[in-house]
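Trainee: Throw the hints in and build the complete structure from the sequences for me.
Under this note's numbering, the first residue of the sequence shown is numbered 1, with each subsequent residue one higher.
Simulated from the structure, these hints should not be mistaken for laboratory data. C-beta: ideal position from N, C-alpha, C; glycine also. Do not take every clue at face value.
[Said to hold, decoys possible] Listed next, the in silico BS3-like pairs over lysine-lysine satisfying Cα-Cα at most 25 Å (straight line):
(1) K85 to K241
(2) K13 to K85
(3) K6 to K85
[Unchecked claim] Ranges between beta-carbon positions, derived for each pair:
(4) N194 to V93: 48 to 56 Å
(5) W185 to A229: 23 to 31 Å
(6) P131 to I186: 16 to 24 Å
(7) V242 to V93: 21 to 29 Å
(8) I186 to A218: 17 to 25 Å
(9) S163 to L136: 35 to 43 Å
(10) A229 to E44: 32 to 40 Å
(11) W9 to A193: 46 to 54 Å
(12) L31 to L111: 19 to 27 Å
(13) A216 to E246: 47 to 55 Å
(14) N194 to A27: 33 to 41 Å
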Amino acid sequence: MNGLAKMTWNEMKLLWREPLTIFFSLAFPTLLLVILGSIPGFREPDKSIGGLSFIDLYVPIAIAFAMTMLGLQALPTALAIYREKGILRRMAVTPVGPARVLQAQMLTCLLMAIGAIGTLVIVGRVAFAVPLPRQLFGFALAIVLCSAALFAIGLAIAALVPSGRAANAVGTLLFFPNMFFAGLWIPRAAMPANLRQISDYTPLGACVQALQDATAGAWPHPLQLAVLAAYIVVFGIIANKVFRWE
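Mentor: Right under this line is the structure:
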C-alpha cells in the first residue's frame with residue numbers, strides 16, 4: 001500500500017503537468033456550469049422537464065463530462081504512452097510490477113474525479129441553489145459504477161491502440177457521441193423518446209439519469225445500474241484479455 005501511495009502521488013504530480021487535462025477535467029466543467037447558470041432562463045423551473053430548471057439537470061451532466069475526460073482520455077493516453085516508451089516493460093522486472101502502474105493511474109483519475117464532483121456540487125448549490133443529492137448512497141453508487149465503466153472502457157482503449165496519440169484520438173472520438181447522449185447539447189428530459197431510449201443504454205446516458213434520480217431522492221433505476229455494470233464487465237474482460245505490457 002505504501003508503494004501504491006507513492007506511485008499515485010507521482011502520477012498526480014505528472015498529471016498536474018498536463019494543463020489541458022487539468023483544465024478540461026477540473027476547471028472547464030465548473031466554468032461551463034457557471035456560464036449556463038448565468039443565463040436567467042436556465043435557472044427558472046420548466047414544466048417541459050418536470051418542473052426542474054435546466055441548471056438542475058446540468059450538474060450531473062458536468063459531472064459526467066469531468067469523469068469522461070479522465071476515463072476516456074487521460075487514463076488510456078497515459079497508459080499507452082507508458083507502454084510505447086517501454087516503461088511498463090521495465091516495471092515488469094521490478095518487485096513493484098506493471099499492474100501497480102494501472103492501479104496508480106486509476107486511483108489518480110478517481111481522486112481527480114472526486115475533486116471535480118465535489119467542486120461542481122458545491123458551486124451548483126452555493127451559486128445557483130441546485131439541490132444537494134437527497135439519495136446520497138444512490139448518488140455515490142452511481143458515481144462508483146460510472147467511474148468503473150469509464151475506466152474499463154479507457155483500459156480497453158489503452159489495450160487496443162498502438163500509441164498515446166492514437167489513444168487520445170480514440171478517446172476524443174468516443175467523447176462527443178457519449179456527451180451528446182448524456183444531454184450536453186439536449187438535456188435527456190428534452191430529448192425525443194427514441195433518442196432517450198438509445199441514451200439509456202450508453203454509459204453516460206445511464207450515468208446522468210442515475211445521478212439525476214439520486215439527486216431527486218429516488219434510488220437509481222435498476223436499468224441504469226445494470227447498463228453501467230454491463231460496461232464494466234464487458235470492457236473489463238476485453239482489457240484483461242488483450243492488454244499488452246509492451
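Trainee: Against the structure shown, which of the earlier numbered hints fail to hold, in ascending order?
Mentor: Result: no hint breaks.
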